Each structure stands twice: as structure tokens, then as C-alpha cells.
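In this text, residue positions in the sequence shown follow the working numbering: the first is 1, and each later residue adds one.
Simulated from the structure, these hints should not be mistaken for laboratory data.
Among the clues, some could well be false.
[What the hints assert, rightly or not] Distance windows between CB atoms, simulated:
no., residue 1, residue 2, range
1, A71, D101, 14 to 22 Å
2, A306, S154, 46 to 54 Å
3, P157, P231, 17 to 25 Å
All values derive from a computational prediction rather than experimental measurement.
Note that the Cβ used here is the ideal one computed from N, Cα and C, for glycine as well.
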Amino acid sequence: MRVVVAPDSFGGTLTSVEAARAIATGWGEVAPDDVLDLVPLSDGGPGFVDVVQAGLGGEMRSLSVPGPLGAATDARWLRVGTTSYVEAAQACGLHLVAPSDDSVRRGHTTGLGALVLAAAVDAERVVVGLGGTATNDGGAGVVRALGHQLLGPSGAPLPPGADVLRSVVAVDPAPLRWPYDAELTAATDVDNPLLGPNGASAVYGPQKGADRAAVLDLDDALRRWADVVEPACGRPGLRDEPGAGAAGGIGFALLALGATRASGLRLVAEAVGLADRVAAADLVVTGEGTFDSQSLRGKVVAGVAAVAQQLGVPCVVVAGQVSVGRRDAAAAGIDEAVAVAEAMGSAEAAIEAGAGGVAAAAARVARGWSRRRS
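Use the sequences and the hints to build the structure in full.
Here is the structure:
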């Protein structure tokens, strides 16, 4: 039996590469004769530059940049020919802070701006992968890194951070624009707008430590930010564009700068030849930290399942936790979803088990699916 193992990262627990290896370990314990094709994936979030390099090669470069709370962090980006690939999580990822109400209010994307600037030198295209960030500043730090000041009511520049955007009244100089010849691409598969119940703050803020009060405050701050940015870039209604809410609103800033939006998963899938590898398989196993309703809105799991469904190959999900019902999963092309938390006894035990828990869940899948199971 030939099995394609194509997971996303498991939150801050496992990278997609580590998750793929863990699934392979568990599967091999039950069905050692099966042929496993490991295809770790990313939709633009954590692991983006690693999986693109695995498919396309290129030169990985690094730069010390301010992290989400200002402390220096070493961030990597990839150059393949004349195209640069940047991963937002490298500069402002959740793994760089302890998520809290305070961190999400103070977090900023200034370091990502520095990374994008470095990647734009002598490039014809800059692709920014969005996802897995600890920030909610609407990409204000990126705008600041491009040489624009964010002015408050007194005319003085505002400091970095998400919460302070409630006081922004202007961007100087205007108009807001991307200052390079290189094409700018925002790679994301989430279609959230910037604001409201499906926006950046409400949907992703809690994952970053925001309580209910912080979610409301941050949404107000992003609304004020949108009121300033849209006239400055000449694009009214930009806040409602699909993907504007990606990565705490970084998508909004990149679109304001003239970026085009592209599917992060599609970029990665093409780089690694996902469709051809699935077509040659008898089963696909994908996975992520939490398989929930957001997973069906363009995340890796849904994208992999769609490819498998189109090619008539069954697809199974291994996830830390599963809250998607069987009917919704089946409609997305998923034949079964197995929770690590169920295999380990609880969500806490699953997190503590790490790769071992994922391997145990994968072994359970192998017992049910391998034609050569022992």
C-alpha cells in the first residue's frame, strides 16, 4: 500500500516536517511494508519557507529582526532565482511569545517589515506567507518599516503595537505604496475579512491570548486603522476583501500596498508536486493541531482533501483535537478524522505526548486502513 503523508504543522507543538515523521513512525509500527511518501505542507503559515525549499531548492538566508514584542530574533527567508519567499511567522510567530492579553495588545509586525525589505532587494517577486502569527496590528509594523509614520491626534508618531491603533489619525507620508518594482504576493488560504465576527480579532485573537474585552478593543483598533489606510491607498472597502484578516490583518496591509492574493497551499502544492504524488497513492493522511470549522475554510487539511477527492483517493485526518462532525468532514472529502486527544485520553495528555501522541493516533489509523496491517 502506498500512503502519502501530507500534514500541516500542529500549532506550536510540531512543525509539518516533524508531524509527517511522527505519522510515519506510528504507521510503520503497524504496517512496516507500506510505502510512505512524506509531503509536509504549509498554507503560508509556519514551515512555509522550509517546504518551498524542499520542493524548489534555493538559498535560505537569515536576518536578525525585532520579534513581536521587540526582542531580536533570527528570521529566515528563501531566495529561489529572482523570487523571494518570506514567512511571516519567522518574524512574529506564536512560537516567539507566551500568548496573553498583554502580548496580543502590544505585539507588532515591524520585524516582518524588515524581513520583507531584505527579501525585496534585487527580486522580481516577493511572496509573503501568512499564518501562525502572534500579532494583531493589521500589518502596521510592515507599513512602518517601509518608511511611513503612524501619527496620533497630537501629530506625534505612535509606538508599535496593536492597541495603539485606536489613536491613529494619519499615515505620513501618503499615499501608501509599495516602493519596489518587485511583484508583491500575499500567500494565504484564509478568506476572513479584517473586521467583525469573522475578522482577524474575533476569529484568531483568542488563539493569541486575547480575552473577550481584548477582542473588542482590537477590532475597534483595526477599524480605526482601516479608516486611515483605505483613503491613504485609494481602496475603499479594502477591509472587506477576502484575506484582509489573515495573520492578524497583515493581509490587509499587504493588499493596501498593492499585493495580489494567492493560495499559499497551491503555491506549496505545485512546488512539491502534490497532485502527482496523491495520484500515485492508495491513501492520503493529512493533519493539523486542531481540526475545526476553520480547517474547512481553505486550510491545508481541506486543500489536501480536495486534491484527494478529485483524484478518487481516500483521505484521513490525524489532528490533536477534532470538532468537525462526520457529515461536514465527508462533504469536504475526508473519510475519517482521528483525534490524538482521544488516543491519549485528553487534550492535555495529547499536547504533553507531542510526536508520540501523533504516532499513536497514526498507528490507530494504520490498523484500520492498511491492507497489510499486522
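Hint check:
1. A71 / D101: 14 to 22 Å: With a Cβ separation near 19 Å, A71 and D101 satisfy 14 to 22 Å, so the hint holds.
2. A306 / S154: 46 to 54 Å: holds (51 Å)
3. P157 / P231: 17 to 25 Å: Because 19 Å falls inside the window, the suggested range holds.
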